[in-house]
Amino acid sequence: MNEQRPIILSIAIILVGLIIVARLFSIQVLDDSFLKRAERNAIQRVVDHPYRGLVYDRTGKILVYNNPIFDLMVIPREFTVKDTARFCEIFQISKEHLIENYTAARKYSSVKPSPLVKQISTTDFARIQDYLIDYPGLFVMTRSVRSYPQPAAANALGYIGEISARQLERDTLKYYRQGDFVGLSGIEGYYENTLRGVKGVKYKMVNVRGVDKGPFKSGEYDTASVAGHNITSTIDLALQEYGELLMAGKRGSVVAIEPKTGEILAMISAPTYDPNLLTGAKFGSNYLLLNRDDSKPLFNRPIMAMYPPGSIFKVVQSLIGLQMGVLNPNTTLSCNRSLVACHNHPNPVNLFGAIKYSCNPYYHQAYRMMINREVSRNTFKDTEIGLNEWREKVMKFGLGGPLGIDLFNEKGGSIPSSKLYDRVYGPNRWKYSTIYSLSIGQGEMLVTPLQMANLAAIFANKGYYYTPHLIKAIDGDPTKIDIKYRTKIEVGVDSHHFDMVQDAMAEAIYGTAARAAIKDITVAGKTGTAQNPQGEDHSVFVAFAPKEDPKIAIAVYVENAGWGGRAAASTASLMIEKYIRGYITREALEEYVLVGKFM
Amino acid sequence: MRNKDDLYLNKIDWLTVSIYACLVIFGWFNIYAAVFDEQFPKSIFDLSINSGQQLVRIGAAFIIILLIMVADYRAFDNLAWILYILFLVLLIVTPFIGKEVNGQILSIGVGSFRIQPSEFAKFTTALALAKYMERPSFDLSQVKHQLQAVIIIMIPVILIMLQPDTGTAMVYFAFFIMLYREGMPQTYYILGLAFIAISLLALGIENNLYLVGGVFAIILLLIITGKKRIGRIVALVGIGIFTVVYIYSLDYVVSKLPEHQQNRIMVLFNPDLDPLGVGWNVTQSKIAIGSGGFWGKGYLEGTQTKFDFVPEQHTDFIFCTLGEEFGWVGSTVVLILFCTLLIRLIFLAERQKNRFSRIYGYCVVSILLFHVMVNISMTIGLFPVVGIPLPFFSYGGSSLWSFTILLFIFIKLDSHRIQLLGRMN
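For the record, the sequence lines run as chains A and B.
If you use the working numbering, the first sequence closes out at 614, no skipped numbers anywhere.
If you use the working numbering, the second sequence closes out at 791, no skipped numbers anywhere.
It is possible that some hints are incorrect.
Below, a list of computed lysine-lysine pairs in the BS3-like style, where the Cα atoms sit at most 25 Å apart [said to hold, decoys possible]:
1. K408(B) with K228(A)
2. K232(A) with K219(A)
3. K232(A) with K408(B)
4. K275(A) with K426(A)
5. K503(A) with K411(A)
6. K214(A) with K232(A)
7. K133(A) with K122(A)
8. K51(A) with K219(A)
9. K408(B) with K219(A)
These aren't lab readings, by the way, just hints derived from the structure by calculation.
When you get a sec, could you build the whole thing from the sequences and use the hints?
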């Protein structure tokens, strides 16, 4: 009866064997999830962060660089120290601090490195380097933080910081990882892709305790990081610093543009902050402080603050009037103060005089001629058509919408269209008498200081501009910058119309802004006053110089400084002299501006 | 004289010896792979690492083989009881003079030379069983004789349980495979297998009602299809009621087990239950083997076993190294080697002319079968984790030597089967 049992046993052995082989086939060949889990287990992806591109000013001076900082790391298991006192002396760490950090490191892992002394400066590092060999289990890890040799141009350069959850979500290419640093504002933000370089990846093997066991497949899949591109900014560091000096203690903006190229020479937002505050470990706490500051240092006024253009807009009105044929240099109108208030000046005036003396009633009448062209018999309709046609001409001057500077969050200001008045008053319920404030740059219109500086550039160029921008070259190659910054934009006014306007502006400063005049440099300028219902008016001045061959166009806003002829014109004049001469001849004026406090 | 020697060598079953040699050498390479560190590569012969140590043990195993081969073939028969009792005594004294490792006292010895009596008691128990059962009057269909055989098996089991080493103790139940061949009634095995099946199902299936329903259906089917005798029906209904009670009491019993044993059972059904705790071994072991793929990652290229993700990988989990580096092909080759060895041993046992040799042969088959199947099954999550080594593969002297002795005593007996003929009844 037992004869078939050996056979049953043999069959059972083969059966169990087959079950195991089948199971092995299922987990080894059919199911590849184990392979993935194995890789997650033992292969660690270590990102090799690239060297972020540097930023230079237009003269080649460095604006932003990478400062190496050193962290002293400890591997607790390998670390022994005999003379604690000497160790503390060498590494400049208190005994309590050492014990505290070492305990924390031990607690984290005895085989993985933890920081023992953080953020050692380059000079300290040079000193301790030679001692490192005496202490096993210690090594130095290099990181780099953005650094600024001069605390200038914070608003233009921007800052980098840890990537936010929202940015990560938007990063469809999945380039970034949690904890990566990205440019958040300024040039750092706008040119993130240029500056950041390309991350490299190293695959290394780790054991169950996370200890490095060398490169995976001898580094076959590793890629080296590629350093970011260097950027040459259009900023002139000397001019920028001088502007920030002049604006210290004030609230406002200065934007200086090279008219021929649209390159921004200086862009000052006051009050400003030291860009070094927003780097490295102190970023978080400093950002919070700056963000809470009532003077709003993080608010980039040149591109974000909006004011009514005031009298300066009269120059644009003159040009549009000339181009439309509504005005000619000899158009003479009376200074009828029953229409709108004015100040004392010869009466009546022609166009030249109107610009020179900034005559309000002149533009009240001229603007009516531009708007009410009797295209329609209905005066409401006629105004609507006139306003919309006029608006299009104004917008060609780069107003009423963002210019497209290479910075995020640029505001566009506003030039009202018929829709706005329809909404406020209802269709066919408003006419010229409703909108006449626009004639002198008041009312429902807003411009940014950047747009204002661009206007100055247009006046200087006699009818064209290049979109203002902050970078001149990438890796020294000017052709690598966006084509839109190399494209000339015509404003639709013939250049000969500008001749008389330029002359009037050059004359005007002697009437309204005598402080702006510089010996041997012909400055053409126009004062303005941006009305401020909350308090003292804002002082505004735009200018370009030299009139014959303009090198600089500038707009200056000083908030709450009253009439534009004083604070703003003085500042602009000093900036112009500084840029063209490289030095200042009028110490008294400089002193006047420096002591002025309008906050 | 010379002719006679040649003749003797020819009588050795060289197929078995070859498979043994293949497994030992392959195992040795795998032990090296398990400890290999790419950053600090050491020679496979380096005595400071496990592979070097294992080579010394393999050398010692070779000497043991020579000693067995030159010994008098009658010695094993004659010394069976003495050896059995000697190792029982060693098992008794182990807890008192042994060295404690992880709460278990398994080994005794002097200095660095240590042995685990529980490993060697396997072959002494096998010899004792063969000796006891070779009597012509011994008949496994008699309950008295069944009990006697079971007692011989259970004495070492109880002593080993005291150490405590449940894994090794379980191995002794493998002798029931030998008892099956020698005529133990089939009913026991059917009931035993049914018991195991119901236990597994009761633990694996959440709702016991399905299981109870299934049991009733089977019982009903047996009553309807079988002979309609009162006694049979009563017995079947009794078994049915007992089964249902058992199913419901099992959860309670399991909850009374020590926690590590409880966990080992539950992890079988769901290794992700506790992936960092008890499930770790099984999960990591499956990851290592599963990541090997069809051809494997290549010798010394494994990452899971090399970087200590799998615990005990050079001893009980040595199969992981094999699975990861040699893939499905390598694992299958090793399984074929083991199965060939086992079936060859059954063939050899069956050709014995006396009962002692045949019983001993089946003991060898039983022990090896249990070790191989349980060890490999646990590494791929088919069986709870039981701390028993893979024969000839796993690192460790006691295990290698005890399997070597177990196997070569049988090869020795087989080579003398003609001389032993006279004693066959």
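Results for each hint:
1. Distance hint between K408(B) and K228(A) is fulfilled; the C-alpha atoms sit about 15 Å from each other, no more than 25 Å.
2. With a C-alpha separation of about 9 Å, the suggested pairing of K232(A) with K219(A) holds against the 25 Å cut-off.
3. Restraint check for K232(A) and K408(B): the C-alpha separation of about 19 Å stays at or below 25 Å, so the hint holds.
4. Of the supplied pair hints, the one linking K275(A) and K426(A) holds, its CA atoms being roughly 23 Å apart against a limit of 25 Å.
5. This hinted pair checks out: K503(A) and K411(A) have alpha carbons roughly 12 Å apart, not beyond 25 Å.
6. Taken as a hint, the K214(A) and K232(A) pair is honoured in the structure, with Cα atoms around 20 Å apart against an allowance of 25 Å.
7. Between K133(A) and K122(A) the alpha-carbon distance is near 18 Å, which keeps this suggested pair within the 25 Å criterion.
8. With a C-alpha separation of about 15 Å, the suggested pairing of K51(A) with K219(A) holds against the 25 Å cut-off.
9. Restraint check: the Cα-Cα separation between K408(B) and K219(A) comes to about 21 Å, which is no more than 25 Å; the hinted pair holds.
Violated hints: none; the structure is consistent with every hint.
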